[in-house]
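Trainee: One letter stands for each residue in the lines below.
2 protein chains.
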Amino acid sequence: MQKITVRDLYKNTATYANQEVYICGWVRTCRDSKTFGFIELNDGSFFKNVQVVYDNTLANFEDITKLSISSSIKVTGTLVETPEAKQPFEIKATNVEIECLSPNDYPLQKKGHTTEFLREHAYLRPRTNLFSAVFRIRSVAAIAIHNYFQSQGYIYFHAPLITANDGEGAGEMFQVTTLDLDKIAESGKVDYSKDFFGKKVGLTVTGQLEGETFAMAYGKIYTFGPSFRAENSNTKTHASEFWMIEPEIAFCDLEELMDIEEDMLKYIVQDVLDKCPEEMAFLNKFIAPGLIEKLEKLLNSKFTRISHEDVITILKEANVDWEFKPEYGEDIAKEHEKYITEHFNGPVFITNWPKDIKAFYMKQNPDGKTVAAVDLEVPGAGELMGGSQREENYDKLLARMNELGMNTEELDWYLNLRKYGSCVHSGFGMGFERLLIYLTGVENIRDVIPYYRTPGNCDF
Amino acid sequence: MQKITVRDLYKNTATYANQEVYICGWVRTCRDSKTFGFIELNDGSFFKNVQVVYDNTLANFEDITKLSISSSIKVTGTLVETPEAKQPFEIKATNVEIECLSPNDYPLQKKGHTTEFLREHAYLRPRTNLFSAVFRIRSVAAIAIHNYFQSQGYIYFHAPLITANDGEGAGEMFQVTTLDLDKIAESGKVDYSKDFFGKKVGLTVTGQLEGETFAMAYGKIYTFGPSFRAENSNTKTHASEFWMIEPEIAFCDLEELMDIEEDMLKYIVQDVLDKCPEEMAFLNKFIAPGLIEKLEKLLNSKFTRISHEDVITILKEANVDWEFKPEYGEDIAKEHEKYITEHFNGPVFITNWPKDIKAFYMKQNPDGKTVAAVDLEVPGAGELMGGSQREENYDKLLARMNELGMNTEELDWYLNLRKYGSCVHSGFGMGFERLLIYLTGVENIRDVIPYYRTPGNCDF
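First to last, the protein sequences are chains V and C.
Everything in the first sequence is counted per the numbering used here, starting at 1 for the first residue and increasing by one.
Everything in the second sequence is counted per the numbering used here, starting at 1 for the first residue and increasing by one.
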């Protein structure tokens with residue numbers, strides 16, 4: 001008999017009413033009395049369980065009553081609508097086949113485990129309500145991102161992960177090698193000519209530079225792939241391995257870039273609200289009260305656009321005892337980000353940042369002090385995207401790279417983009433996990449990545 | 001004025017007929033006489049160029065005649081339908097703004113460069129017809145894969161890339177470290193407790209094991225992400241960094257797995273033929289004559305299913321002077337793969353392989369000699385997918401791992417999947433670049449990856 005998913009049963013209940021159906025899944029709870037019992041079955045296709053009712057007319061009734069949490073079973077039965085009950089229907093079982101009886105040492109016996117405990121059992125946590133919701137939203141949001149860019153004519157570009165250039169000249173990189181470290185210790189010599197690529201290489205911190213080369217061919221491209229940081233920081237928002245989205249658009253200036261960022265974010269939020277109503281309702285109730293309201297408010301708000309300089313003025317004039325004093329020409333702190341999104345009661349694009357705190361490739365403004373960069377700050381999550389118009393003038397870019405003491409020879413191909421058909425172009429980066437923190441209300445980045453990597457943690 | 005893409009002009013020509021349009025792009029060719037000229041403009045949105053006609057009524061006529069290949073320009077003009085010409089329409093320019101005049105040292109001046117030359121200029125090659133086609137198909141095929149699995153209710157799962165387990169116990173791994181190699185040479189000591197993760201880690205060779213943990217929660221999942229091999233092999237089909245698709249399905253046996261593989265492949269092929277007719281026509285004409293016919297034939301064929309043993313019998317009975325003699329219980333060679341797909345005149349699933357040449361996690365058949373593995377061989381490309389039913393029995397899997405001398409403690413979580421709700425389940429892996437070689441007819445894996453990594457090559 002053809003397997004039917006629990007999702008299908010919920011979405012097309014009327015079609016299956018009084019029909020025989022066949023479902024396979026895992027026991028979430030099980031209770032019984034002398035002559036009958038109930039199983040809450042989850043097959044992973046849907047957030048909700050289906051209720052299976054069985055009775056002692058089944059030959060293996062006694063075995064069924066002994067079913068334990070997480071046991072796998074196959075159920076044949078009739079779908080009966082139950083309009084007056086809590087759940088809209090139940091399955092009256094005619095056959096329950098036990099595929100695997102889970103032993104009593106199953107670690108998630110009871111409910112209410114801490115997220116710390118569940119991280120230690122990361123391979124089981126997607127079986128809980130919280131993580132089932134989070135990782136389904138992760139999947140839905142990832143596809144929403146693809147759908148948005150595809151609908152707008154972008155090309156999906158795979159940036160290389162192993163690279164000899166350090167992208168922003170900023171982030172600390174992991175080294176990748178096939179040299180035998182023990183032999184290095186023994187011989188006292190490091191010979192990169194013997195390494196796999198014949199030189200020192202590492203894991204990418206950004207695919208932007210390579211992305212720009214494809215934007216100059218296809219007009220609009222986006223990356224969506226892993227990125228790495230070897231920073232030894234243990235915060236709730238930093239992971240050593242994470243996924244990034246980096247669109248790059250030719251013939252696009254900073255204003256148009258902000259249009260795209262706003263448009264994309266609203267598209268993703270709408271899609272997740274549309275496709276994950278059960279998951280969002282759960283998160284809204286148990287994890288982050290007000291979550292849905294926050295997201296719906298975003299959909300209806302026009303994002304503010306304001307310069308870094310004007311932001312500093314507002315912060316200085318604010319009647320607040322800052323931990324970090326806001327200064328013109330300097331970066332802003334988390335407390336400032338929070339204040340500004342509250343001040344404008346919604347998302348805020350902060351533009352034209354002091355050039356010395358931003359990356360070398362950003363478009364130099366005529367004032368000689370700022371660059372055409374933009375950070376998007378959202379209420380409750382701080383910086384969600386960082387982007388800029390790129391410096392398209394060869395001489396200006398070269399001068400800036402020299403000023404910063406960069407190796408221009410290694411990046412000659414990047415510089416050459418400014419000779420061979422250069423044009424005004426812009427792009428931004430969005431950390432996928434930051435987005436998920438915003439979408440789910442889950443606070444710790446470790447809880448929105450299936451198997452997180454942070455300093456000292458590389459399990460599974 | 002609102003930018004319009006060349007794709008839009010081609011898809012909705014009638015709408016824009018006799019209208020003023022504004023397009024931005026790069027000069028592919030340029031020719032002129034005394035009073036007028038033609039520009040072939042490409043904006044990357046479409047495989048084909050648009051013809052721009054200009055004349056000496058334009059103030060900057062002289063400058064326009066000097067336009068060089070790859071220069072970037074912005075054109076305003078009227079779309080005029082030209083039903084009798086080679087191209088269906090042209091743009092009669094009223095304004096041509098030169099954004100960047102490309103110098104004459106642009107490396108791709110003339111046509112007909114070798115693919116080897118273009119690999120050295122990998123940052124420019126997407127501007128050529130061949131690579132423009134290949135990398136658009138790469139994008140379209142990637143999205144087709146997502147669309148297929150999403151339409152079937154799968155969850156997109158991101159497997160970790162940095163890992164402490166070596167997956168198949170097979171592929172050679174890159175090491176990832178933040179230890180200072182020079183200091184190791186100096187001190188003569190390797191201390192992994194000081195490494196970033198506190199132990200020796202590397203880049204993943206497969207996300208399958210982690211994928212199985214999510215299949216046991218969601219029922220159906222797929223990975224689509226990078227994978228790595230530190231093998232020192234310089235062949236046309238091996239890269240050190242590549243993208244893999246690894247679906248994993250609970251309550252699914254080998255027969256059902258083959259249904260899914262066949263269904264997915266046909267979906268992708270159909271989608272690429274539908275969405276990239278211009279690119280496919282180009283490849284069919286200039287790169288791989290017969291390509292479209294080959295793909296259309298696949299769509300209409302029922303894939304053969306045959307056991308490894310029966311394949312060996314056919315090979316032994318064949319009147320062929322084999323370089324490698326086919327033997328029961330042994331692997332088959334490229335020449336055998338080729339023969340078998342030709343023998344059956346289409347794709348062939350070869351099932352039930354000798355257990356000693358396959359991975360530890362594969363379902364052990366009752367004969368004690370074979371496992372429930374399946375390789376899909378396709379005409380002209382050899383092995384495209386490799387999959388298996390997984391051993392779901394705890395004791396049998398443990399015994400096999402011990403037999404192979406594996407570290408069962410490190411993989412206890414994987415073993416535990418066979419205790420906590422184990423079920424019949426199956427999955428397969430498909431190398432994305434192998435698929436692209438098959439789809440595009442391009443022979444070398446270096447030419448279907450934007451920036452390829454092979455031994456000694458890590459440029460850009």
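There may be inaccurate statements among the hints.
Copies of the same chain are indistinguishable here, so a pair counts whether it falls within one copy or spans any two.
Stated by the list, open to error - BS3-like mimics (lysine-lysine), calculated; alpha carbons at most 27 Å apart, straight line:
(1) K92 - K297
(2) K189 - K199
(3) K266 - K3
(4) K92 - K34
(5) K48 - K183
(6) K183 - K199
(7) K419 - K3
(8) K86 - K419
(9) K419 - K189
(10) K297 - K34
(11) K200 - K189
Read the hints as simulated data drawn from the structure, not as lab findings.
Owing to the predicted nature of the structure, the values given are computational and were not obtained by experimental measurement.
Trainee: Could you check the structure against the hints above and give me the numbers of any it violates, in ascending order?
Mentor: 1, 5, 8, 9 and 10
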